[in-house]
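Novice: Sequence:
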Amino acid sequence: MISAAPLLPPAAIDALLAVLLVVVIVLVAGWFLFAYAVRVDRLHRQVLAARLIVSGQLSKRAHAAIELANAQVLDQADSEKLCQAAHDASRCEEPIVGDGLDPRNRSGNAAKRVAYENQLTSVMREVLTDETRSRLMQETDATALLRRLDAAQQKLEVAVHVHNNQVKDARKVRQRALVRIAHLAGRAPLPAPVEI
Numbered sequence: 090m091i092s093a094a095p096l097l098p099p100a101a102i103d104a105l106l107a108v109l110l111v112v113v114i115v116l117v118a119g120w121f122l123f124a125y126a127v128r129v130d131r132l133h134r135q136v137l138a139a140r141l142i143v144s145g146q147l148s149k150r151a152h153a154a155i156e157l158a159n160a161q162v163l164d165q166a167d168s169e170k171l172c173q174a175a176h177d178a179s180r181c182e183e184p185i186v187g188d189g190l191d192p193r194n195r196s197g198n199a200a201k202r203v204a205y206e207n208q209l210t211s212v213m214r215e216v217l218t219d220e221t222r223s224r225l226m227q228e229t230d231a232t233a234l235l236r237r238l239d240a241a242q243q244k245l246e247v248a249v250h251v252h253n254n255q256v257k258d259a260r261k262v263r264q265r266a267l268v269r270i271a272h273l274a275g276r277a278p279l280p281a282p283v284e285i
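For the sequence shown, the numbering used here begins at 90 and goes up steadily by one.
A couple of the hints might just be wrong.
[Said to hold, decoys possible] Straight-line C-alpha distance at most 25 Å; calculated DSS-like pairs for lysine-lysine:
1. K149 - K244
2. K149 - K170
3. K201 - K261
4. K244 - K201
5. K170 - K257
6. K170 - K201
7. K257 - K201
8. K257 - K244
The hints are simulated quantities; they were obtained by calculation from the structure and are not laboratory data.
Just so you know, these numbers come straight off a predicted model, no measurement behind them.
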């Protein structure tokens, strides 16, 4: 009886197993890096989505302030001041953050937009004192407008908080050594928080 010789000598089998092991390790490492890069990209998209929500809330707040100013429930000087600040904020087309993360708004003066929005906030505090608020709450028409403005302001604060938490999460992941060494964020700039 003739025994069949093995197809491969033991040394070749060991070499083949070593190559197979290296290929498996490279594939697993590649998959892991790909999954991490997808996570970084997803975090960037979440920041941009939150930024769009903040922008929408800023617009709603400005329009609510314009409605209140035009309702003739405030004195003339306060109405004009509030209306002007709200118009300035609503007309400004600059990005709310100048980090360059949003490809549509890479060139823009975010400081100008932030200044207009902060000016509106300041004017709202100045014009809508506790005394003015209590007087407006006595008037039926003014109450709805004031509540709409207050709701817009509260939603804006929540949107800014959510956005800044998203930025914090993205920055935390981007600071990890693996992300920096493997360049998993690509050329995307580091997200910045909204400072309104």
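Novice: All hints, please: hold or fail.
Specialist: Results of checking the hints against the structure:
no.	hint	verdict
1	K149 - K244	holds, 9 Å
2	K149 - K170	holds, 18 Å
3	K201 - K261	violated, 28 Å
4	K244 - K201	holds, 22 Å
5	K170 - K257	violated, 36 Å
6	K170 - K201	holds, 18 Å
7	K257 - K201	holds, 24 Å
8	K257 - K244	holds, 20 Å
Of the numbered hints listed earlier, those contradicted by the structure are 3 and 5.
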